[in-house]
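Student: Single-letter residue listing:
Protein chains: 2
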Amino acid sequence: MNLRIGILGATGLVGRATLAILEQRGFPCDAPRLLASDRAAGRTLAFRGQSVAVEPTTASSFDGLAIVLLAVQNPLALAWAPVARAAGAVVVDLSSAHRDLDDVPLVVPEINGDRVRPGVTLIANPNCSTAAFVLALAPLARAARLTRVAVTTLQSVSGAGAAALDELERGVRMGLDGTPPARAGGLPPFAWNVVPAIGSFEPNGYTREEMKMVRETRKILDLPELPVTATATRVPVRVGHCVAVNARFDRPLGPDEARASWRAFPGLMLVDDPAADRYPTALAAAGGDPVLVGRARADLTDPHGLEFFVASDNLRKGAALNAVQIAERVAALMAASQPVVARP
Amino acid sequence: MNLRIGILGATGLVGRATLAILEQRGFPCDAPRLLASDRAAGRTLAFRGQSVAVEPTTASSFDGLAIVLLAVQNPLALAWAPVARAAGAVVVDLSSAHRDLDDVPLVVPEINGDRVRPGVTLIANPNCSTAAFVLALAPLARAARLTRVAVTTLQSVSGAGAAALDELERGVRMGLDGTPPARAGGLPPFAWNVVPAIGSFEPNGYTREEMKMVRETRKILDLPELPVTATATRVPVRVGHCVAVNARFDRPLGPDEARASWRAFPGLMLVDDPAADRYPTALAAAGGDPVLVGRARADLTDPHGLEFFVASDNLRKGAALNAVQIAERVAALMAASQPVVARP
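First to last, the protein sequences are chains R and C. For the first sequence, my numbering assigns the number 1 to the initial residue and increments by one for each residue that follows. For the second sequence, my numbering assigns the number 345 to the initial residue and increments by one for each residue that follows.
None of these hints come from the bench; they were simulated from the model. Certain hints may be false.
Reference listing, derived: stretches of chain R covered by chain C, where coverage requires no fewer than 3 residues with Cβ under 8 Å from a Cβ of chain C [stated by the list, open to error]:
(1) 101-110
(2) 187-194
(3) 199-206
(4) 255-266
(5) 305-319
Coverage of chain R stretches by chain C, computed from C-beta distances (three or more under 8 Å per stretch; other residues unrestricted) [claimed, not checked]:
(6) 144-154
(7) 232-246
(8) 296-302
So the derived list for chain R, only partly shown, Cβ under 7 Å to chain C, looks like this [unchecked claim]:
(9) T229
(10) L283
(11) G287
All C-beta atoms in this analysis are idealised placements derived from N, C-alpha and C, irrespective of residue type, glycine included.
Please model the complete structure; the sequences and the hints are all you need to start from.
Tutor: Structural data, given as structure tokens:
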């Protein structure tokens, strides 16, 4: 049974990655309906050797679709999710618009894929950095009680979208023989720079990006009281988010135990052999599905603490791959609920 | 009274920065003796409009010098420091070779400049990241008892020397339309990447760079038992080291108190106005003397914790500027000890 599915925001970085991953993973669907703004409509994208036209999004765009992936910013996700649900589709929202709602599961399939259940028609996909480091935290949190998480992220510019990535390329070129120009609005350039500010600031001095990590880590791990703190920075890398993680437990959980837990958990690749100069890097993660984890070592300040480092492709596990994995669970539920038709 | 001083390693990134800063600050010296390897000897460098020849380093190179700045790697610093001291010079060592020795003061002048005393003939200059974040920690550690420090650094490639910086430039250019090449030895490229490994690894899983931060923070702050942990990473930036700092105290020390402490402390520039998009960045710090500090906010996991972000020019406060500031203290002691000669 091939499902009819749709991608809203199909021409963006994440939309295109989603289409590619649907193809790579042999998702049980016909060519997806590709939806975008009027401006992008008329373009075509390739899927299984076919050229698929991008359509403008209208009130009837979702009719007949079983699953819709929303790869757009919050306002558009808020506007179109009810329309798609009303049309009968199950919605996987890659924006942050619905992540904090109690009745919307926030899913990393390897951790809490069981939240994708019959009758659930809206599922949120987590923040791109959070999806990666929470995957490395999950097996540890099953082995011991997690009591505190502190992270510093080093995030690539693709996380800010295609326009920011173009701006990075231009800035890097201009910065080869001069000074990279400021971004729009006089903001400091991403090129040749470190910018410790992602998203707007909240009254407590944290950015929206940092607070997403706090709230989403708690929700995905189902630890609503877990103390989490975060610093999020942008670095001049195209693809690949890195996170330095400091985690504390109710007992010593050393690097050997951590490595054994990571080896046994799906979606992770252990890259942790300092003697051979093996550790996660942004470039090593880019283009791949696994979340790379390494640099495990005891926190020097706390016998119950562990330090480690995570790198992942923010367009894949941080966004499109995770969303397609969620859609695969939805598709499996739909296949299981199909009435068995007796052959004539 | 003009002193005779020398710079060993004069043609390196830090050596040249040291020469420039001596000139900018009007250091009371004649043209410094510029010492380097045989390979670099014969070149000339500019000082106060003069062209100064770079000399090869020999056993008699230090004769007649009052102060010698060592801007070389550890083996050369270990080899030449005794020769320079035996020739009667006070040595300021920018390498890490002598930093851990009990009888060698490790000095950031704004914090512990009083360790530069008559009779002290060898003074160590701290690690480039440590010098910056310890300057921001110092006024807080005077206001409350510091009980834990955890840092993640985002360090520029100039910290790895001129050859690494050339390699970064080449890698960034090659990476504009392809993949940046591996570094020598098959190590992951710095260009377009995040590399969580600076220096060799120690048996505890930490790198030498990380352990320098631990030991040097304790020594400079004169808190030998202070719990410190660190993750050090390299990012594709030319100049400007950034550090995300998480500090804990024996009482709540909030962002307002921290900002007031930083405003009153020399060498720091407070850049902390999120509403106006003002926070420290690598590019904003590069080329300047002050250590930029901002993003102060309460640690979300601990009422006694504070998070903040530091950026500094690693060639200046992290190296050459701090060393020249030490040399200025030495020069002041020498001037004060000069016998007053009665005019004829």
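Student: Go check the segment 187-194 of chain R versus chain C for me, would you? Three or more residues, Cβ under 8 Å, otherwise it fails.
Tutor: Holds: 6 residues of the segment 187-194 of chain R have a Cβ under 8 Å from chain C.
Student: Per the CB criterion, is T229/R less than 7 Å away from chain C?
Tutor: Holds, about 4 Å.
Student: Are there three or more residues in the segment 305-319 of chain R whose C-beta lies closer than 8 Å to some C-beta of chain C?
Tutor: holds (count 4)
Student: Closer than 8 Å, Cβ to Cβ, for at least three residues: run that test on the segment 296-302 of chain R against chain C and report holds or violated.
Tutor: That given contact holds, which follows from 7 residues of the segment 296-302 of chain R lying within Cβ reach (below 8 Å) of chain C.
Student: Under a C-beta cut-off of less than 8 Å, do 3 or more residues of the segment 199-206 of chain R approach chain C closely enough to confirm the stated coverage?
Tutor: holds (count 4)
Student: Tell me whether the statement that chain C covers the segment 232-246 of chain R is true, taking a Cβ distance below 8 Å and needing three residues at minimum.
Tutor: Contact hint for the segment 232-246 of chain R vs chain C: holds, 9 residues under 8 Å.
Student: State whether the coverage of the segment 255-266 of chain R by chain C holds or is violated, taking the criterion as 3 or more residues with Cβ-Cβ distances under 8 Å.
Tutor: violated (count 1)
Student: For the hint on L283/R, just tell me whether its beta-carbon gets within less than 7 Å of chain C.
Tutor: Nearest chain C Cβ about 5 Å off; hint holds.
Student: How does the segment 101-110 of chain R fare against chain C when you require at least three residues with a CB closer than 8 Å, holds or violated?
Tutor: violated (count 0)
Student: Taking beta carbons only, do three or more residues of the segment 144-154 of chain R come closer than 8 Å to chain C?
Tutor: holds (count 5)
Student: When the nearest CB of chain C is found for G287/R, is that gap smaller than 7 Å?
Tutor: Interface hint status for G287/R: violated (10 Å vs cutoff 7 Å).
Hints 1, 4 and 11 from the list above are not met by this structure, while the remaining hints are.
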